[in-house]
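> The primary structure of each chain is shown beneath.
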Amino acid sequence: MRQPTAVESRGVDEILAVHELRRSFGGVRALTGCSFGVERGSITALIGPNGAGKTTLANVVAGASRPQSGQVVFDGRDVTGRPSHEVALGGLIRTFQISREYPAMTVLENLMVSPQRQAGEKLSTVLFHPRRFRSEERRHLERAVEVLAEFGLYEKRNDYARNLSGGQKRLLELARAVMADPKMLVIDEPMAGINPALIERLADHIIRLRDARGTTFLMVEHNLDVVERMCDKVVVMAVGQTLATGTMAELRGNAAVVSAYLTGGVVDVRAQG
Amino acid sequence: MGIILGYISTLGVYFCIYNIFAFGLNIQFGYTGILDFTVITFMAMGGYMAGVASLGPEQPGSGIYYVLGLIASRRLRSDYLAIVTLAAGSIVLGLCGVIMAICWLVANRIYRSTFGRTMRAIREDLDVAEAYGKHTFRVRMTAMVTGCIFVGIGGVLTIWFITALAPAGWGTSETFVVWAALIVGGCGNNLGAVVGSFLVAVLFNEATRFLPAIPAFPSLVSEIRNMCIGGLVILTLWFRPQGVVGERKARFFEVPLRTESREQVRVPAVVASGS
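Heads up: the sequence lines are chains W and Z, in that order. Counting from 1, one number per residue, gives the positions in the first sequence under my numbering. Counting from 1001, one number per residue, gives the positions in the second sequence under my numbering.
No lab work stands behind these hints: they were computed from the structure. Just so you know, not all the hints are guaranteed correct.
In silico DSSO-like links for lysine-lysine, alpha-carbon gap of 27 angstroms or less [as the list claims (entries may be wrong)]:
| # | chain 1 | residue 1 | chain 2 | residue 2 |
| --- | --- | --- | --- | --- |
| 1 | W | LYS122 | Z | LYS1249 |
| 2 | W | LYS183 | W | LYS122 |
| 3 | W | LYS156 | Z | LYS1249 |
Whenever a hint applies, use it, and build me the whole structure from the sequences.
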């Protein structure tokens, strides 16, 4: 395992740092040396034209896909190429681009799966020491009910998750992630395809979680209005690289960023980034 | 009368054994979503192990009969011995029943536990469970092994009961019967496994034995049996895809909600009515 290098140098407390990530699928080069950092406690947006490699980056960071080279440092640990569940146990939870609830389980159950390192997840405990996990179950249940209430899903707790509306599924996704008590959430297009009122509501939840629990967010997002309203920092990606980072106001004046959005990123990113 | 009782106890033993097979497959497929199309292999392994274990004291037949026989022949005179051998049949039935009950309790305890919930989450979405920190490989492996142990126990009982095992007699079609039992009865519910075992393994599998054999086509009846079971599976999937007794909704004891933790964000009317 390599030591975290070239990462601590920027002076801010970075919970996540990716360095020169490369990943290609056959001939398609999805990531071509992507580097940036995410400050602890921030809401950072990851924007860029279609095909810029945002989802691939989320996959690589969360361990769902292995980079061919480069480094991912999360919370001071090198997690490059570690399997998903290990990254998740370290405190980084990712959500998926489409809502992926556990359809044939109830809303409450969906939440109850999330807490990490549950004692009742070992077969020997289940069979021979049932008392050991009963109190833990009770604690998780109380917590789950509270989280459901926060997200306005309390009334739906005994419904199958597949019967929720699209918007409710998004809320469930977020609630379920909160239940895992993550240090950082990587959320892939949480606002895609939902109505403006719900966008407001989700945005409020995300800001509230950051303020109340100090959760760091990295949010892949297309809706620039939402990004401007919510996010402290923005990372712009194009053709598999980081094109620019900064606040939304700074980026509006950046010719490379504007050009990337208009042309799909076919510019000489090295010259201008 | 004796024949009918004997027949019913034979059916009872088969019912218990098929229940155990179905519990095992339910843990694999119904809980965790593992498609195990070689159920009967593990039954045969259990049977083989039981067979080998019983060969020890140079006595053909199974261990339990050896023990029974030892006690009986040492301590009983011939007429009593005859009665005891008759009783042995019902003892095997009782033994199967007890072992089945234990398997039922274990399978249900797993289902209701945190571990069972994780298994179901993996069945629902492997990638998501993995992204939430579940070691999906280990859980699936545990489920597979646990299910196989169940099936193996069923295999041991089979061998104790029929005292003979021809590998050729346990093939794809026997695996198919267990699968059919689980699908017809209902996946993810052990009561479904019991109902399915009764309907498929006992009722269908046995009822077709009374069809008259046709001398020109000796294998016709068994083929008809498979076709009937296949038809039953199709009908179930068509009209009642969750099975006769589907998976039950998880119930939690109600936790009173503290009012201050109600959603802090003001809910716009549009969203509240469903979006």
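> Next step is simple, just say for each hint if it's right about the structure.
A quick look at each hint next to the structure:
Among the hinted pairs, W:LYS122 with Z:LYS1249 is consistent with the structure: their alpha-carbon atoms are about 23 angstroms apart, no more than 27 angstroms. A threshold of 27 angstroms between alpha carbons decides the hint, and for W:LYS183 with W:LYS122 the separation of about 25 angstroms falls inside it, so the pair holds. The hinted pair formed by W:LYS156 and Z:LYS1249 meets the criterion: a straight-line CA distance of about 13 angstroms does not exceed 27 angstroms.
Checked against the numbered hints above, the structure breaks none of them.
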